[in-house]
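In order, the protein sequence lines correspond to chains Z and Y. Going letter by letter, the first sequence gives residues 0 to 321 in numbering that gives the first Met the number 0. Going letter by letter, the second sequence gives residues 0 to 334 in numbering that gives the first Met the number 0.
FYI, nobody ran anything at the bench for these hints, they're computed from the structure. Treat the hints with caution; some may be incorrect.
Some chain Z residues judged to face chain Y by a derived CB distance under 7 Å, without partners named [to be verified]:
(1) A147
(2) H151
(3) F218
(4) A251
(5) A255
(6) P259
(7) P261
(8) P265
Beta-carbon label-pair distances, calculated as ranges [claimed, not checked]:
(9) L86/Y / P65/Z: 50 to 58 Å
(10) D98/Z / G313/Y: 40 to 48 Å
(11) P275/Y / Q131/Z: 55 to 63 Å
(12) Q130/Z / Y108/Y: 18 to 26 Å
(13) Q131/Z / D201/Y: 54 to 62 Å
Residues of chain Y placed beyond 10 Å of chain Z at every Cβ, according to the derived structure [what the hints assert, rightly or not]:
(14) R9
(15) F98
(16) T113
(17) G159
(18) D280
(19) R303
(20) Q304
(21) L307
Every residue, glycine too, gets a C-beta built ideally from N, C-alpha and C.
Listed here are the chains, written in short residue letters.
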Amino acid sequence: MSDSPSLLEVRELRVRYRGGRTAAAAAADAVRGVSFDIAAGESVGLVGESGSGKSSIARALLRLVPATGSVQFEQRELLSLRGAALRGVRERMQVVFQDPLGALDPRMTVLELIAEPLLEYRRAARAQHEQQVLAMLARVGLGPELLARFPHQLSGGQTQRVGLARALMLGPRLLICDEPVAALDVSIRSQIANLLHDMRAELGLALLFIAHDLPTVRFLCDRVMVLFRGRIVEQAPRERLFGAPQHPYTRALLAANPVPDPAQRPVAPAPAADHAATAPAEAGGGCAYRHRCPMAVARCAAEAPAIRPLGASLVSCHRAGE
Amino acid sequence: MAEPRETLLRLHALGVAYRRDGRELHAVDGVDLELRERECLGVVGESGSGKSQLLLALLGLSAPGARLSGSIRYRGEELVGAPAARLEAIRGRRIAIVFQDPLSALNPYLTIGTQLTEGARRQLRLGRRAAASRAAELLATVQIDAPTERLRCHPHELSGGMRQRVLIAMALMCEPEILLLDEPTTALDVTVQAQVLQLLRDLRERSGVASLFVTHDLGALASMADRVAVMYGGRLVELASAAALYAAPLHPYTAGLLRSLPRLDLPLPARLPSIPGQPPDLAELPAGCAFAPRCPLVHERCTRQPDLRVLPDGRANACHFTGSATQVDAAWIRA
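Modelling step: build the complete structure from the supplied sequences, incorporating the hints.
Structure below.
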């Protein structure tokens, strides 16, 4: 998608969870053949509803769940790495989770939490830790008075800043953010979005920003991928995706987004949609979105659409561009 | 000719206090509010604003140890201090609640049918079959297909959006006059959220049920509320018609909150507007206005608690600054 060499190249990524309650659920892949690139310094958004596979992609990249396909990070295949080599990659690829409190050890102080990555990777003598931690705290907008506090003594916004400080401590090239603002108060969300924006510019970080909050994705991301039932149905540069969405699902997402203006109403897709949401994903052909799609025709049931270029977008829909 | 609407609920000087670490905290502090027939009143706030405590107090469901003061009148009848049996009779029957998280509000071991009919059988003394047929009818009303079969499902067999609709149907079983909506769309995906909002609007049009919609999301509320009450640090800081509040917020907090909502319908800003600092800790509320530490218009006078003043146009605002919405907005832009 970009001329600069890829930092991350994902090809035909699949994630399958075992032990579903029903045969259909056990056979359904959470991620069903996803391919994308992220260039150095690029910010890419990944949006989709719950169950679309967004978080499974993040976990697969972090090697937290078994996956097949190929993930090249800085020209090294991640999916076959083990032990020390995997640890080496983890320094360069870090993560910020949605629930900042759940992601932090409650028995450690802010100082210990932020210094931990340094200790783990033996980067610095203990004496230097505090100085580095203080510098990082200031960078994420926190004061030194927080150093001795425990996670439960912090506000939601402060906790997420500590999570970000930890993730940035080793100087990663790629930061994976899994719904990092969803659990925060509205007045704090934009603070954290601005901070991510600044950190990215300052450190030349690449971001994989996973969210269902479209306005924040629009603010932070150069390019956006839309996921539906484990497949990318559309990806496009920001202006194109928000200005001229091609896939009917992308259009439904944009239309449903509420606007703080009583004169405007979010557009609700037909409620029959919900029934299909609970139906097991079919193993056979056909477009997974067709049950909800206002444009579906016979071909959509017979044949799964391949992803294809359409202007500046990549879209997987038989009817897009008609 | 519009008939004057009767007041269903009247809150006067409502307070909810509890003790933590030996200190008295005021989760809700001196709130005056009315809910009228057929209206949807939005209550907006962030963590620590007191909006959820207010909602629980209305149902007599405050946590043990909470101390209620002031008055909650339902059609003139005082609910603060009312006997438990009386509250029980009103809960579900006259005033019903829809909780945020449908998975934890539903019992995983019981079928949807059992859970839907339980309250109605007790409150309305309906027989098993009558209750089941009413439940199926309501599932159809909330647009769940094959309602009779769904009655035999357990909660995990339904999607999140369906479970939320089941909770709405459950709240409607006894034909309440008032629906209390506790962040009913927060846990939902954006397309499902739009569907649930649409459903709530339809219900209101059809049955005229009044609702109190408690949320942190000014975006989701915009298409629902007739009037909006904004809470901060346990107090009511602004009250206005939705049209007036969204177009020209007067309280600096309301204005800041509206500005902080990232939007798809406006040009992309270089930075997202935000409110500095963090929502207040009830244990460390400043003397005077709780919003003062984050306010761009803060002034010496703000160490005194501002009263909620009712303005000539019927709006109410609790701020010492008496300038226009344009001036408040300008202060945020300068900040």
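Verification of the hints:
Look at A147/Z: its Cβ only gets to about 18 Å from chain Y, farther than 7 Å, so that hint breaks. The interface hint given for H151/Z is violated, since its Cβ lies 12 Å from the closest Cβ of chain Y, which is over the 7 Å cut-off. Hint status for F218/Z: holds, given a least beta-carbon distance of 6 Å to chain Y, under 7 Å. Using the Cβ-Cβ criterion of 7 Å, the hint placing A251/Z at the interface with chain Y is satisfied: the shortest such distance is roughly 6 Å.
About 4 Å separates the beta-carbon of A255/Z from the nearest beta-carbon of chain Y, less than 7 Å, and the hint is met. With a cut of 7 Å, the hint placing P259/Z at the interface with chain Y holds, because the nearest CB-to-CB distance is about 5 Å. Taking 7 Å as the C-beta cut-off, the interface hint given for P261/Z holds, the closest approach to chain Y being about 5 Å. Contact between P265/Z and chain Y, as hinted, is supported at the beta carbon level, the nearest pair being about 4 Å apart and thus within 7 Å.
A hinted range of 50 to 58 Å for the beta carbons of L86/Y and P65/Z is consistent with their spacing of about 53 Å. In this structure the hint that D98/Z and G313/Y lie 40 to 48 Å apart at CB holds, the actual value being about 42 Å. Against the hinted window of 55 to 63 Å, the Cβ-Cβ separation of P275/Y and Q131/Z comes to about 26 Å, which falls outside the hint. Range check, Q130/Z to Y108/Y: Cβ separation about 55 Å, and the 18 to 26 Å hint is violated.
The beta-carbon spacing between Q131/Z and D201/Y, approximately 57 Å, falls within the hinted interval of 54 to 62 Å. No beta-carbon of chain Z is positioned within 10 Å of the beta-carbon of R9/Y; the least distance is around 25 Å. A cut-off of 10 Å between C-beta atoms confirms that F98/Y is not in contact with chain Z; the least separation is 18 Å. The Cβ of T113/Y lies farther than 10 Å from every Cβ of chain Z, with a closest approach of about 20 Å, so its non-interface assignment holds.
At the 10 Å boundary, the C-beta of G159/Y falls inside the reach of chain Z, the nearest C-beta of that chain being 7 Å off. Distance check on D280/Y: its Cβ comes as close as 8 Å (rounded) to a Cβ of chain Z, failing to clear the 10 Å threshold; non-interface status is violated. Once the 10 Å rule is applied to beta carbons, R303/Y is consistent with being away from chain Z; the minimum gap is 24 Å. For Q304/Y, the requirement that its beta carbon stay farther than 10 Å from each beta carbon of chain Z is met, with the minimum near 21 Å.
Taking the minimum C-beta to C-beta distance to chain Z, about 21 Å, the non-interface status of L307/Y holds against the 10 Å cut.
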